[in-house]
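Peer 1: Guided by the hints, dock chain S with the ligands onto chain Z, whose structure is given.
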Amino acid sequence: MSRGGANRSGPARAALGIAGLLLFLCAWQAIGYYRLAGLSWPPLTDVIALLADPERWPLLGRALSATLAAMTAGYLLGIVLGLGAAVGAHMFPIAHPGTDRLAAVVNSIPSIALGPVFIVFLSRESTAAAIAAAHAAFIIYVAASSGLAAASRGHRDLLVVLGASRLSRLRHLDLPASLPSLSTGLKLAVPAALIGTIIGEWFGAPRGLGVLIVNAMQNFQIALLWSVVVLIASTSLALYSALSLLERACYARFA
Amino acid sequence: MTAAIHVDRARKTFDLGKGKSVEALAGVSLEVRPGEFVAIIGPSGCGKSTILRLIGSLEEPTAGTVTIDGRPPRELAGAHRLGVAFQDHALLPWLSVWQNVTLPLQVAGVKPDDAKIAALIRLVGLEGFEKARPRQLSGGMRQRAAIARALVLGPEVLLLDEPFAALDAVTRRYMNIELQRIWTESRITTLLVTHGVDEALFLADRIVVMSGRPGRIIENLDIDFPRPRMPALMRTPAFHALYDHLADLLEPAAAENEPVAGGGES
Ligand SMILES: Nc1ncnc2c1ncn2[C@@H]1O[C@H](COP(=O)(O)OP(=O)(O)OP(=O)(O)O)[C@@H](O)[C@H]1O
Ligand SMILES: [Mg+2]
Chain Z
10 MSRGGANRSG PARAALGIAG LLLFLCAWQA IGYYRLAGLS WPPLTDVIAL LADPERWPLL
70 GRALSATLAA MTAGYLLGIV LGLGAAVGAH MFPIAHPGTD RLAAVVNSIP SIALGPVFIV
130 FLSRESTAAA IAAAHAAFII YVAASSGLAA ASRGHRDLLV VLGASRLSRL RHLDLPASLP
190 SLSTGLKLAV PAALIGTIIG EWFGAPRGLG VLIVNAMQNF QIALLWSVVV LIASTSLALY
250 SALSLLERAC YARFA
Chain S
-14 MTAAIHVDRA RKTFDLGKGK SVEALAGVSL EVRPGEFVAI IGPSGCGKST ILRLIGSLEE
46 PTAGTVTIDG RPPRELAGAH RLGVAFQDHA LLPWLSVWQN VTLPLQVAGV KPDDAKIAAL
106 IRLVGLEGFE KARPRQLSGG MRQRAAIARA LVLGPEVLLL DEPFAALDAV TRRYMNIELQ
166 RIWTESRITT LLVTHGVDEA LFLADRIVVM SGRPGRIIEN LDIDFPRPRM PALMRTPAFH
226 ALYDHLADLL EPAAAENEPV AGGGES
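Line order of the protein sequences matches chains Z and S.
Using our numbering, read the first sequence as starting at 10 and increasing by one per residue.
Using our numbering, read the second sequence as starting at -14 and increasing by one per residue.
Isolated chain Z, as found in the complex (with noise of 0.2 Å):
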């Protein structure tokens, strides 16, 4: 029922929300076009025109590929940590909230703070990696906590008389039955770790995305400035779209 009701709105809000894009880059383009709000904002078209420049594509490409690198490996990373924090806090509830405390510690403080630790204790290069690690892993610590405890009553009684141990009622039960809150938790680490690995980039990466950001503000070049945050914000939205398939998907077979 309640489905039906999404899908009737459906093509009526994707019609606002394009609508409402539309107008958000009119709206763009007329501040930078007059100069409304000084020469930091430029037209949309110069920054398109700058992102369809092929001369830039070198600088640009390298640039996404080392903090998609970067983000990928921090991803991973986050992925096993938060799962494995979560399942050995499941396995061994006497750990849980141990495990809940020191999460909650570590996710309240800012990256910015972590940025100078991990470059004293790992290397510039890793710095990104690891920050987009701890935002990642937070988010799948929460995910998959509360996924591994969504198996139903009925289902745990089930395992309990089947005799099954407390590993074969993880593979069983408690995993399958975790994966649509952990298929959000993985869509919703993407943007995190991406910006955990800008900011990781901002203490001295040799290259990526975050570099050239930084690059173009100290040399006023705005509409690379510009660029830069528009590759950053369609990969976000990319990456995140591509992981909703999944989320949908996971929600569609395990719900």
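Heads up, a few of these hints could be off.
What the hints assert, rightly or not - Between beta-carbon pairs, the in silico distance windows are:
{"#": "1", "chain 1": "Z", "residue 1": "MET100", "chain 2": "S", "residue 2": "PHE(-1)", "range": "26 to 32 Å"}
{"#": "2", "chain 1": "Z", "residue 1": "MET100", "chain 2": "S", "residue 2": "LYS96", "range": "24 to 30 Å"}
{"#": "3", "chain 1": "Z", "residue 1": "ALA78", "chain 2": "S", "residue 2": "GLY139", "range": "53 to 59 Å"}
{"#": "4", "chain 1": "S", "residue 1": "GLY124", "chain 2": "Z", "residue 2": "ARG175", "range": "27 to 33 Å"}
{"#": "5", "chain 1": "S", "residue 1": "GLY124", "chain 2": "Z", "residue 2": "SER155", "range": "28 to 34 Å"}
{"#": "6", "chain 1": "S", "residue 1": "LYS5", "chain 2": "Z", "residue 2": "SER174", "range": "34 to 40 Å"}
{"#": "7", "chain 1": "S", "residue 1": "ALA64", "chain 2": "Z", "residue 2": "ALA158", "range": "23 to 29 Å"}
{"#": "8", "chain 1": "Z", "residue 1": "ALA36", "chain 2": "S", "residue 2": "SER123", "range": "52 to 58 Å"}
{"#": "9", "chain 1": "S", "residue 1": "LYS5", "chain 2": "Z", "residue 2": "MET100", "range": "33 to 39 Å"}
{"#": "10", "chain 1": "Z", "residue 1": "SER174", "chain 2": "S", "residue 2": "PRO213", "range": "49 to 55 Å"}
{"#": "11", "chain 1": "S", "residue 1": "ARG107", "chain 2": "Z", "residue 2": "ALA78", "range": "50 to 56 Å"}
{"#": "12", "chain 1": "Z", "residue 1": "GLY93", "chain 2": "S", "residue 2": "ARG56", "range": "34 to 40 Å"}
Since the hints were derived computationally from the structure, they do not count as laboratory data.
Ideal Cβ placement from N, Cα and C applies to all residues, glycine included.
Peer 2: For chain S with the ligands alone, coordinates are given in the frame of chain Z:
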């Protein structure tokens, strides 16, 4: 390889919080001999499912003991020798019918025998639905899948909680005959909770009648119709006499149970 169930003066009180509690079972004693088929009937909320949950190691008695072959039920469950079909089917939604039926084997670490699984699925009339997900099945089909799952381990004790409640009369009759056939072959110690007096009479060696909450046993009736029992049995005067006797026992209990249903908490 069947086991004896021994419930000895078992009481069960559920804590509802805020100092409130509800007494589900008030001292129930029940002995099921190895290979015996016992049916439990009684008004809704009288603790039938609670008895099954005690024997299925899902609940601990507040007082008294529950043992299977002299040992705690947990041990039988741990040895993967318990077959249970719950009141709600409890099929895993992400597994197909086939995978749901073989789940107990997976958990027990036993390699499934494909021919045997196929036969079991045919037995419960789900041929052609092996790959279907539970949500694609009707309520009755889900219950039948759950029965196949309860039988797949060849258990020593079979606990069935209203397994045929969602079936139409014809399928139910058919399942009763099939269940009798399986049981006659294997002589699994079986405890069946049902609201169908005719079903209980048709299947059981003994019928236990319970009073309204707090549940206690008010009648223990041996049913010695010869086996195998045929559907024609249900048209005999002896069958009708027992049916009427049991229905009479249930009626006042049901009438008493209604008023206390809302305010039974002590
Ligand atoms: N987990 C629980 N917490 C609190 N009360 C419970 C719990 N389980 C059962 N009860 C109570 O115990 C009583 C007996 O419940 P039970 O499920 O055994 O009844 P039943 O005889 O199986 O009924 P039905 O025929 O409707 O299935 C009920 O009053 C119920 O409210
Ligand atoms: Mg019940």
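Peer 1: List, from low to high, the hint numbers that the structure doesn't satisfy.
Peer 2: Failing hint: just 10.
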